[in-house]
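Trainee: Work out the full structure: start from the sequences and follow the hints.
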Amino acid sequence: SDSLKALVDPRSVPAARPDKTHWPLELLYLGREYPKGGDYFRDRLRAAFARNKAVEDPEQIKALIARGEYVARELEALYYLRKYRAMKKRYYED
Amino acid sequence: MSGRVLVGVKRVIDYAVKIRVKPDNTGVVTDGVKHSMNPFCEIAVEEAVKLKEKKLIKEVVAVSCGPQQSQETIRTALAMGADRGIHVDVSGKDYENLGPLQVSKILAALAKQEDAQLILLGKQAIDDDCNQTGQMTAALLDWPQGTFASEVSLEGDKINLVREIDGGLEHIKINTPAVITADLRLNTPRYATLPNIMKAKKKKIVTVKPADLGVDVTSRLEVLKVEEPPQRQAGRV
Numbered sequence: 001s002d003s004l005k006a007l008v009d010p011r012s013v014p015a016a017r018p019d020k021t022h023w024p025l026e027l028l029y030l031g032r033e034y035p036k037g038g039d040y041f042r043d044r045l046r047a048a049f050a051r052n053k054a055v056e057d058p059e060q061i062k063a064l065i066a067r068g069e070y071v072a073r074e075l076e077a078l079y080y081l082r083k084y085r086a087m088k089k090r091y092y093e094d
Numbered sequence: 095m096s097g098r099v100l101v102g103v104k105r106v107i108d109y110a111v112k113i114r115v116k117p118d119n120t121g122v123v124t125d126g127v128k129h130s131m132n133p134f135c136e137i138a139v140e141e142a143v144k145l146k147e148k149k150l151i152k153e154v155v156a157v158s159c160g161p162q163q164s165q166e167t168i169r170t171a172l173a174m175g176a177d178r179g180i181h182v183d184v185s186g187k188d189y190e191n192l193g194p195l196q197v198s199k200i201l202a203a204l205a206k207q208e209d210a211q212l213i214l215l216g217k218q219a220i221d222d223d224c225n226q227t228g229q230m231t232a233a234l235l236d237w238p239q240g241t242f243a244s245e246v247s248l249e250g251d252k253i254n255l256v257r258e259i260d261g262g263l264e265h266i267k268i269n270t271p272a273v274i275t276a277d278l279r280l281n282t283p284r285y286a287t288l289p290n291i292m293k294a295k296k297k298k299i300v301t302v303k304p305a306d307l308g309v310d311v312t313s314r315l316e317v318l319k320v321e322e323p324p325q326r327q328a329g330r331v
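Chains as they are written, first to last, in the working numbering: chain A, 1 to 94; chain B, 95 to 331.
The hints are simulated quantities; they were obtained by calculation from the structure and are not laboratory data. Check before you lean on any hint, since a few could be wrong.
To be verified - Computed list of chain B residues with no C-beta within reach of chain A, every gap over 10 Å:
1) 178
2) 203
3) 208
4) 224
5) 236
6) 245
7) 257
8) 264
9) 289
10) 327
Unchecked claim - The list that follows gives simulated cross-link-like pairs (lysine-lysine, DSS-like), each with its CA atoms no further than 30 Å apart:
11) 187/B with 36/A
12) 128/B with 36/A
13) 267/B with 88/A
14) 36/A with 116/B
15) 293/B with 62/A
Stated by the list, open to error - Not the full set, but computed from the structure, chain A residues with beta-carbon under 7 Å of chain B:
16) 21
17) 26
18) 29
19) 59
20) 73
Positions of the beta carbon are idealized from the N, C-alpha and C atoms, including for glycine.
Mentor: Pasting the structure below:
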């Protein structure tokens, strides 16, 4: 579909709407610190977008974007927990 | 009341990096090593931004002392919601010798210049673990201090604070203006997303020198040696 193709097209970087979340870029950015490596994450991300590039149904597209948001929140939580646990271990006797 | 909060943010070696001591034992290796905002400073920024979102304060000013790269740390604070930044330019030998006393003098001078109502800092930096800057800054300004804060609430011109201390929690009430240092459980810092990083590019960072603030950054301390902790002996069963 056009909207999903536009998302996957590397030239469609959000110059016009920098305040709006551009999910492929956001996920790529968040995935830099993935425990198994930024490259591993990037490859899986690319594969996921490529798998779904032919999707036309707007409901399905909404669901896919929701999944992207979910992955982003999970990554943020992962990074936060890792840091929190490291700080707790180093600075607090429990 | 200016409603202005100063938040100090320090650029440190990233918490996840394995630290290596320089072969000449003068310090640790920093060249090419990943740096990021001190985790306790992130918590301080988050608290300041939350206060602004609750409309309890008007402006959050992020301050960092160090070389050019300290501006990246200020940019992270701006992406988290700080309004503008002040970069106090300290580099070379001065930066190597920069410690809590000089930073507190700088923060005290800035607090007066910016008419700050509150100074929020991390309780300590994960590189030097001094846990002194907040306390020294409060002393220099003759302001009350709420250190190791795990809960902060503003009540008129006073602050209710819960402090994490050995053996439990301490509830105190202090006047403003004041210095608060953030402990781990104060809040959960937000991640700086790309749209916010983009927005932050439009926010201003002003660079000043310590001399402009009337501060002498000469250190009264000399580092004699830096060495690794002794290797842990294997346990015996």
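Trainee: Run every hint past the structure and note whether it holds.
Mentor: We went through each hint and held it up to the structure:
no.: 1; hint: 178; in the structure: holds (19 Å)
no.: 2; hint: 203; in the structure: holds (30 Å)
no.: 3; hint: 208; in the structure: holds (28 Å)
no.: 4; hint: 224; in the structure: holds (13 Å)
no.: 5; hint: 236; in the structure: holds (29 Å)
no.: 6; hint: 245; in the structure: holds (17 Å)
no.: 7; hint: 257; in the structure: holds (14 Å)
no.: 8; hint: 264; in the structure: holds (16 Å)
no.: 9; hint: 289; in the structure: violated (5 Å)
no.: 10; hint: 327; in the structure: holds (21 Å)
no.: 11; hint: 187/B with 36/A; in the structure: violated (38 Å)
no.: 12; hint: 128/B with 36/A; in the structure: holds (18 Å)
no.: 13; hint: 267/B with 88/A; in the structure: holds (27 Å)
no.: 14; hint: 36/A with 116/B; in the structure: holds (29 Å)
no.: 15; hint: 293/B with 62/A; in the structure: holds (26 Å)
no.: 16; hint: 21; in the structure: holds (6 Å)
no.: 17; hint: 26; in the structure: holds (5 Å)
no.: 18; hint: 29; in the structure: holds (5 Å)
no.: 19; hint: 59; in the structure: violated (25 Å)
no.: 20; hint: 73; in the structure: violated (9 Å)
Consistency note: the structure conflicts with the earlier hints numbered 9, 11, 19, 20.
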